[in-house]
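Engineer: Top to bottom, those sequences are chains A and B. According to UniProt numbering, the first sequence is numbered sequentially starting from 1. According to UniProt numbering, the second sequence is numbered sequentially starting from 1.
What the hints contain is simulated information worked out from the structure, not anything from laboratory work. Since this is a predicted model, take the numbers as computed values, not measurements. Backbone N, C-alpha and C fix where the C-beta goes; we use that ideal spot for every residue, glycine too. Don't take every hint at face value.
[Claimed, not checked] Quick look at which bits of chain A chain B covers, simulated, 3 or more residues with Cβ under 8 angstroms: (1) 8-21; (2) 25-34; (3) 70-77; (4) 194-204; (5) 223-234; (6) 240-249; (7) 314-327.
Protein chains: 2
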Amino acid sequence: MEANRIYNFNPGPATLPLPVLKEAQAEFLNFRGSGMSILEISHRAKEYAAMQAEAKADIKELMGLGDDYEVLFMTGGASTQFAFLPLNFASKEHPGSYVLSGSFAEKAYKEAEHLGIGEIVASSKEGGYRHIPTQDELKIDENAAYVHLCYNNTIYGTEYHYIPDTKGVPLFADMSSDMLSRPIDFSKFDFIYAGVQKNLGPAGVTLVVAKKSFLEKSPEKLPTMFKYETFFKKDSLYNTPPAFNIYMVGKVAAWIKSEGGLAEMAKRNKKKADRLYGVIDASNGFYRGHAEKESRSFMNVTFRLPSEELEKTFVAEALAQGLGGVKGHRSVGGMRASIYNAMTYEGVDKLASFMEDFQKTHA
Amino acid sequence: MEANRIYNFNPGPATLPLPVLKEAQAEFLNFRGSGMSILEISHRAKEYAAMQAEAKADIKELMGLGDDYEVLFMTGGASTQFAFLPLNFASKEHPGSYVLSGSFAEKAYKEAEHLGIGEIVASSKEGGYRHIPTQDELKIDENAAYVHLCYNNTIYGTEYHYIPDTKGVPLFADMSSDMLSRPIDFSKFDFIYAGVQKNLGPAGVTLVVAKKSFLEKSPEKLPTMFKYETFFKKDSLYNTPPAFNIYMVGKVAAWIKSEGGLAEMAKRNKKKADRLYGVIDASNGFYRGHAEKESRSFMNVTFRLPSEELEKTFVAEALAQGLGGVKGHRSVGGMRASIYNAMTYEGVDKLASFMEDFQKTHA
């Protein structure tokens with residue numbers, strides 16, 4: 001670890017690859033020889049256009065997607081997509097169908113429901129969102145406009161380990177917290193989106209990767225900036241895009257490629273997750289995982305300690321050892337270690353060792 | 001000028017103060033001793049909270065506004081505000097009233113019109129938006145929800161030099177291209193917004209400064225992220241904000257303060273504008289300004305040359321001398337020198353001298 005930097009286990013914004021940060025820092029005053037910072041250059045400049053095109057191509061290559069998919073760069077986060085999706089695709093005749101697997105899945109549903117065009121396919125809310133609804137639990141409405149999933153649930157620490165069969169209904173997914181973390185057959189999804197501030201870059205840009213057929217025409221009645229069509233037809237340049245944020249996403253995508261792509265990310269992420277879940281499972285109940293084993297997330301490891309008092313001590317002592325951001329979300333309590341692509345095994349191993357030592361001292 | 005950097009006359013994204021860029025570069029890996037980059041730190045962290053609060057306070061102080069105003073950080077640019085304004089404030093009974101003074105003013109109107117709740121107060125479209133409509137030209141509808149202005153018209157190079165009397169109708173303004181460029185009695189406005197990528201920071205955050213009475217309650221029917229109320233009640237932290245972009249806006253605001261505030265910015269901007277308009281006015285018609293004199297912008301100086309051939313030569317020769325981004329918008333043609341706060345007099349003087357030399361060679 002670089003001097004003065006901590007291991008950052010925050011859920012998002014989250015740690016970014018240090019080589020990417022250093023590269024951006026080095027070229028901060030002069031982007032690609034333009035004589036301008038990436039913060040200053042026109043989004044109509046050829047240097048900008050080349051960068052954005054490369055970012056898009058790298059993302060599609062990593063996802064193994066072809067010409068029938070397009071990459072858009074939008075803003076407003078997943079929370080804004082929660083409204084855009086029903087506005088663009090659902091109707092009273094063809095509602096949006098939602099699988100509730102956590103807080104964000106629920107928020108997505110609520111926006112559709114608020115518009116009177118949402119319905120629930122399945123929910124694991126009872127019991128505190130400890131598992132991902134299984135295929136058997138899904139009551140697919142074949143008349144729905146789409147089935148919407150939240151593929152990884154940051155707060156609860158659960159993640160899909162299968163791709164639901166939706167009986168031909170278009171499959172939409174919020175992948176904000178596990179996008180590009182492992183190989184998935186992305187071609188089974190019709191519409192994927194992600195706030196980038198977990199695995200992909202700094203907060204401020206929303207990545208959309210979707211079948212072109214869902215992007216090329218939007219309801220005429222919508223305002224210009226609410227239509228996917230606007231972003232699709234203008235290559236995300238109808239108005240000024242968040243250029244720096246896109247540039248960073250491009251750098252992170254290039255870094256993932258250079259490190260070995262999604263297969264390598266998956267290998268590393270599994271190794272990191274196994275290390276932490278291993279400590280939890282060997283702790284004789286000192287650490288209690290929130291997620292059921294078969295739904296455990298590779299990205300967010302959630303667990304409780306025997307008391308809230310000990311949890312406070314844990315957070316403080318961890319930070320003193322340079323392990324930051326381990327406090328869990330208030331709706332689950334306890335701890336959460338977010339171990340996205342950019343978190344090193346070194347950092348995870350240090351946290352795991354700290355957990356082992358902490359148990360010895362406090363059990 | 002720093003080695004390898006050009007004078008950047010782009011209309012936005014645009015040049016930023018070099019000391020601000022250098023400061024951000026120096027602390028890029030470690031924000032306020034947190035051990036994390038500003039790109040990585042949680043938006044719930046105390047270091048982030050302090051930064052955002054300082055940015056808000058500095059902006060309000062520069063604008064001379066009190067407790068009845070609030071600062072919001074949103075996304076989607078002015079183009080998204082064009083839809084949010086009528087959705088939040090206008091109705092068939094109380095339409096949004098628009099003064100058309102250029103392309104963006106027109107786009108703002110079109111979103112309201114598309115929703116069936118917009119009307120036109122005045123327009124200077126005839127003649128190619130060469131002037132700002134005067135008080136006498138405004139047909140105020142006293143039943144309107146608001147009167148909307150675009151205070152500086154980037155494309156046409158025109159700017160308001162008076163604050164319209166709206167007969168008590170709330171006054172709204174898009175100040176994307178002249179926000180914090182000079183002292184204005186901002187308290188006469190009820191709602192001000194700005195895409196920051198011209199005078200205030202990198203693209204990716206939209207600054208809203210408005211009377212609290214317009215923010216504290218929004219129509220219940222709107223999606224969460226379309227309501228100003230959501231941003232107001234959660235201090236712009238309902239979802240993850242574009243943290244880095246806000247941080248840069250804060251740095252630029254602090255820089256403006258440290259340089260002497262809006263009075264000093266106005267003095268510098270006037271000196272820069274005078275230098276360029278002086279060359280145009282002394283050119284015996286070689287350079288022809290687009291804007292009528294009384295509507296000239298201090299931010300964007302637009303002018304034509306005798307032929308399109310010469311205009312092409314001008315752009316190329318300027319760039320060869322390190323003067324970039326002087327090509328005008330296609331709808332006006334010719335040249336546009338954008339000389340926002342961060343453009344130095346040195347850069348403007350170099351452009352002015354180049355213009356004088358160019359005329360001598362090519363007249």
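Engineer: Against this structure, judge whether each hint is valid.
Structural biologist: We went through each hint and held it up to the structure:
| no. | hint | in the structure |
| --- | --- | --- |
| 1 | 8-21 | holds (count 10) |
| 2 | 25-34 | holds (count 6) |
| 3 | 70-77 | holds (count 3) |
| 4 | 194-204 | holds (count 6) |
| 5 | 223-234 | holds (count 4) |
| 6 | 240-249 | holds (count 7) |
| 7 | 314-327 | holds (count 3) |
In summary, the structure agrees with every hint in the numbered list given earlier.
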